[in-house]
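Chains as they are written, first to last, in my numbering: chain U, 1 to 548; chain S, 549 to 677.
Simulated from the structure, these hints should not be mistaken for lab results. Nothing false has been slipped in among the hints.
Lysine-lysine pairs mimicking PhoX-like chemistry, simulated, CA-CA at most 25 Å apart:
| # | chain 1 | residue 1 | chain 2 | residue 2 |
| --- | --- | --- | --- | --- |
| 1 | S | K667 | U | K458 |
| 2 | U | K467 | S | K651 |
| 3 | U | K441 | S | K553 |
| 4 | U | K433 | S | K553 |
| 5 | S | K677 | S | K629 |
| 6 | U | K260 | U | K415 |
| 7 | U | K218 | U | K310 |
| 8 | S | K667 | U | K441 |
| 9 | U | K467 | U | K88 |
| 10 | U | K488 | U | K172 |
| 11 | U | K260 | U | K203 |
| 12 | U | K218 | U | K308 |
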Amino acid sequence: MANETLKAGFDAYMAKADAASAKFPERAHLEPNRLYTPLDIEGFDYEKDLGFPGEYPFTRGVQPTMYRGKFWTMRMYAGFSTAEESNKRYRYLLANGGSGLSCAFDLPTQIGYDSTDPMAEGEVGKVGVAIDSLADMEILFDQIALDKVSTSMTINAPASVLLCMYIAVAKKQGVPSDALRGTIQNDILKEYAARGTYIFPPKPSMRLITNIFEYCAKYVPKWNTISISGYHIREAGSTASQEIAFTIADGIAYVEAAIKAGMDVDAFAGRLSFFWNAHNNVLEEVAKFRASRRVWAKVMKERFGAKKAKSMMLRVHTQTAGSMLTAQQPNNNIVRVALQTAAAVMGGTQSLHTNSKDEALALPTTESVTIALRTQQIVAYESGLADTIDPLGGSYYVEALTNKIEKEAWDYIEKIDELGGAPEAIAKGYIQKEIQDSAYKWQMDIEAGRRIIVGVNKFTQEEEPPKNLLRVDGSVGKLQADKIAKVKATRDNAAVAAKLAALKAACADEHVNLVPLILEAVEAYATEGEICGVMREVFGEYKAHTAL
Amino acid sequence: MANIKVLVAKPGLDGHDRGAKVVARALRDAGFEVIYTGIRLTPEQIAEAALQDDVNVVALSLLSGAHNTLFPKVVELLKEKGMTDVLVIGGGVIPDADIPGLKAAGIAEVFTPGTPTSKVVDFINANVK
Chain U
1 MANETLKAGF DAYMAKADAA SAKFPERAHL EPNRLYTPLD IEGFDYEKDL GFPGEYPFTR
61 GVQPTMYRGK FWTMRMYAGF STAEESNKRY RYLLANGGSG LSCAFDLPTQ IGYDSTDPMA
121 EGEVGKVGVA IDSLADMEIL FDQIALDKVS TSMTINAPAS VLLCMYIAVA KKQGVPSDAL
181 RGTIQNDILK EYAARGTYIF PPKPSMRLIT NIFEYCAKYV PKWNTISISG YHIREAGSTA
241 SQEIAFTIAD GIAYVEAAIK AGMDVDAFAG RLSFFWNAHN NVLEEVAKFR ASRRVWAKVM
301 KERFGAKKAK SMMLRVHTQT AGSMLTAQQP NNNIVRVALQ TAAAVMGGTQ SLHTNSKDEA
361 LALPTTESVT IALRTQQIVA YESGLADTID PLGGSYYVEA LTNKIEKEAW DYIEKIDELG
421 GAPEAIAKGY IQKEIQDSAY KWQMDIEAGR RIIVGVNKFT QEEEPPKNLL RVDGSVGKLQ
481 ADKIAKVKAT RDNAAVAAKL AALKAACADE HVNLVPLILE AVEAYATEGE ICGVMREVFG
541 EYKAHTAL
Chain S
549 MANIKVLVAK PGLDGHDRGA KVVARALRDA GFEVIYTGIR LTPEQIAEAA LQDDVNVVAL
609 SLLSGAHNTL FPKVVELLKE KGMTDVLVIG GGVIPDADIP GLKAAGIAEV FTPGTPTSKV
669 VDFINANVK
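Chain S on its own, in the form it takes in the complex:
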């Protein structure tokens, strides 16, 4: 598939974006078109950006522990905007115990610390609609 567009986004108030930026750059180097939102966005702002830029993938990064609230909210808002075929993935400091719940809420995969960026690239290639 040509021109996979990825929105890398940081919901909530967490400013740790080393991971988000490294992943964004690795995805760009892997040939995807990448937009990075910067930090401190509301779920509404992220869903709106995804709609405006007509992306295929939304990659959320959060290290503050607010993922159980904010990740599902982004998925919900994307659905409301009719973006049902967007692949939503997440990463950050996320305990294993939270992952099943996030997946049930529509996060396709959760990448935790230590994941090689190549694994994210492969996952997107295999699962993007």
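Only chain U is shown next, with the shape it has when bound in the complex:
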């Protein structure tokens, strides 16, 4: 009855507003409704749809206390040039209130090439730090106590190698592997679909991933074994719903692979973590975070029969949207990042990287990184956004949008199931095509003026080219070549050859867990290129098929 009165009132309001809005055609095409009321969340059931923080379906957050316990981890993604340079940046960030490390590796490291490989030409030390052997990793974490800090490493195809290097450095510091905290990205499916740093074909890649799950469950129990990433899918141009749908579909594939390899779902699922993008539309992003937790909780409970609450929790790291930074009027990016930070915090992220204002132009300077870190601190301590849990819960708009994004995500997951799961959907080019279509639409909307980007297609101005950009010295390649030569001259080369031969033999037997063999090769100072090289010989390399 109440709803009928409300409906009548709403209809009368709409008639009035429709008549008035004829005068304002410019804002008429926007996608959300003009106004949200209880009519938009009919059937809303607090206990079933939201529940309490730390309880199924975790819509309001994964911990009972959220930021009333402790703030999210302020984790700045950094790394460039040599291990020496990056170590300095890490220690600077930790000294300035950063609460975790996040390592960016250069592309040769991410694709399993030594700095001296012809394929590495021009790329050494450019987008991250160059790591060729354990010797570099020792320098990277020099004077950083690995039992005190948590470290995230953006490494995928060779994740096992870099994880082993980290374990080996910790051992030298006297820190046992079961004390280590951190994350490896280790998410190969989104590399095929959106990011591009794949090495091996899907089957051996999935084997390496389940080998890591298994190894860490035993020896590195506090380590997040994968960061299932929507970030790069969104950066490649997807919508918010596509970001969580494609990523959760990837997550389903990893869980299936581990179960198929004989693992119990509750033995590994609690160490799965996620990685979202914080994009420009603040309320849509908040709804996305909430919807994603609800979808994953249902997937784990209903599809996989998980019993432990931890297995059903979508814990997430977030990065503000790099692709939304503009090269024009770069100071405006500080404001964009602040709003994106607000979205991630109201969305309930567990950790956050904020981009720097100059990243549409180059890697960030120390000054701009400091502003980005301070942005998080201002949101945490001054804005009030972190003072109560899920502050937008119960908003008619945000609840309706959460439902809408959840529904769109389920529709995609169903479609991907029909195609045979995420690996098949990627092999068929379906996911790539959906992302590309969204990216093209976004660009065309900008060019047609349907979407406004301040400083790019409206409010533009003449400006001087920016000064003080960070430049990576071209000599890094040479420095790394010298280091590799030194390592090869001082290590026991016969031992290295034996470890590599053992690894190669194990690659051919799919029942062997490769991680212990990789660790032995790493500790003998085999280079990353040598280790990935023997795996390439057995596994072959992935060849992408590309369609427009």
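Given the structure of chain U, go ahead and fit chain S onto it with the hints provided.
Chain S alone, transformed into the frame defined by chain U:
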């Protein structure tokens, strides 16, 4: 000029190809014949593809910072193969300070973030040989 053929290519190890794909599609919608190589090609592979497909334009995209090494190398290899009248253009995260050097090395124009695709279309139409 009928049937302008464009090779859109990603040299180096950088996998960010949102821009390359958007530009490729916009060029195709503008009536050009477009071939997209996919990611992670060596300059040699790109020059060879340009020769095999007998293209008029090579459009290079790179976001990793390796442009100063890899863009000029593509131009050099095209010259070696006798493709001196190919228009080579580039785009990506490229600091302004690097643009004069790239132009001197034979990159006809460099398009940085925020460029409308129509500007690339117009440039090709005005400069293709």
